[in-house]
Amino acid sequence: MPPKALREVADALELAPAQVEAVASFYDMLHLEPVGKHLVEVCTNLSCALVGAQQVVDAFERELGVRPGETSEDGTVTLRTIECAGGCGRAPVVVVDGRYREPVRPEDVPALAEEVRSG
2 MPPKALREVA DALELAPAQV EAVASFYDML HLEPVGKHLV EVCTNLSCAL VGAQQVVDAF
62 ERELGVRPGE TSEDGTVTLR TIECAGGCGR APVVVVDGRY REPVRPEDVP ALAEEVRSG
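Per the working numbering, the sequence shown starts with residue 2, numbered consecutively.
For the record, the hints were derived by calculation from the structure and aren't laboratory data. From a predicted model like this one, the values you see are computed outputs, not experimental measurements. Quick reminder that beta carbons are idealized off the backbone N, C-alpha and C, glycines included. Be aware that one or more of the hints could be misleading.
[Said to hold, decoys possible] Listed next, the in silico EDC-like pairs over lysine to aspartate or glutamate satisfying Cα-Cα at most 16 Å (straight line):
{"no.": "1", "residue 1": "LYS5", "residue 2": "GLU15"}
{"no.": "2", "residue 1": "LYS38", "residue 2": "ASP98"}
{"no.": "3", "residue 1": "LYS5", "residue 2": "ASP29"}
{"no.": "4", "residue 1": "LYS38", "residue 2": "GLU22"}
{"no.": "5", "residue 1": "LYS38", "residue 2": "GLU103"}
{"no.": "6", "residue 1": "LYS38", "residue 2": "GLU84"}
{"no.": "7", "residue 1": "LYS38", "residue 2": "GLU74"}
{"no.": "8", "residue 1": "LYS38", "residue 2": "GLU116"}
{"no.": "9", "residue 1": "LYS38", "residue 2": "GLU15"}
[What the hints assert, rightly or not] Across the chosen pairs, the derived CB separations fall in these ranges:
{"no.": "10", "residue 1": "VAL52", "residue 2": "PRO111", "range": "14 to 24 Å"}
{"no.": "11", "residue 1": "GLY120", "residue 2": "GLY87", "range": "19 to 29 Å"}
{"no.": "12", "residue 1": "GLU15", "residue 2": "GLU115", "range": "17 to 27 Å"}
{"no.": "13", "residue 1": "GLU9", "residue 2": "SER119", "range": "31 to 41 Å"}
Construct all of the structure, not just a fragment, from the sequences and the given hints.
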């Protein structure tokens, strides 16, 4: 969401822009910064963390060449960690372009990264 959109929403709701930004920044599905063509999100909430989410994040970092919160230089992929994807029973959960993958192990990451790179 660009700053102009936040201001327009604030004006329409008669709120301060900071209030609108606070709400927008709370939700994972709203982006205040541009994201890549493909979005890879790894859940790091407690259930996922307990079964290896950090190792999955580390594997994506190596495969994609970006750290969480970064977008590749060519704008192809953004890697993010998210608080909860709602798939605690099949953790760890990875969401690639809105499609849930669960459970994902570090050894699954190279194939997922290749899928993302190939579109």
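Hints, verified against the model:
1. For the hint linking LYS5 to GLU15, the alpha-carbon distance of about 15 Å falls within 16 Å, and the restraint holds.
2. This hinted pair checks out: LYS38 and ASP98 have alpha carbons roughly 9 Å apart, not beyond 16 Å.
3. A distance of roughly 20 Å separates the Cα atoms of LYS5 and ASP29; the hinted pair therefore is violated under the 16 Å criterion.
4. For a cut-off of 16 Å, the pair hint linking LYS38 to GLU22 is broken: about 23 Å separates their Cα positions.
5. Our distance criterion of 16 Å between C-alpha atoms is broken by LYS38 and GLU103, whose separation comes to about 22 Å.
6. Our distance criterion of 16 Å between C-alpha atoms is broken by LYS38 and GLU84, whose separation comes to about 21 Å.
7. For the proposed pair LYS38 and GLU74, the alpha carbon gap of about 12 Å is at most 16 Å, so the pair holds.
8. With a C-alpha separation of about 13 Å, the suggested pair LYS38 and GLU116 falls inside the 16 Å cut-off, and the hint holds.
9. The hinted pair formed by LYS38 and GLU15 fails the criterion: a straight-line CA distance of about 33 Å is larger than 16 Å.
10. The given range of 14 to 24 Å is respected by VAL52 and PRO111, whose C-beta atoms sit roughly 19 Å from each other.
11. The supplied range of 19 to 29 Å is met by GLY120 and GLY87, whose beta-carbon atoms lie about 26 Å from each other.
12. Distance hint check: the CB atoms of GLU15 and GLU115 are about 49 Å apart, inconsistent with the given range 17 to 27 Å.
13. Range check, GLU9 to SER119: about 37 Å between beta-carbon atoms, so the 31 to 41 Å window is met.
Checked against the numbered hints given earlier, the structure breaks hints 3, 4, 5, 6, 9, 12 and satisfies all the rest.
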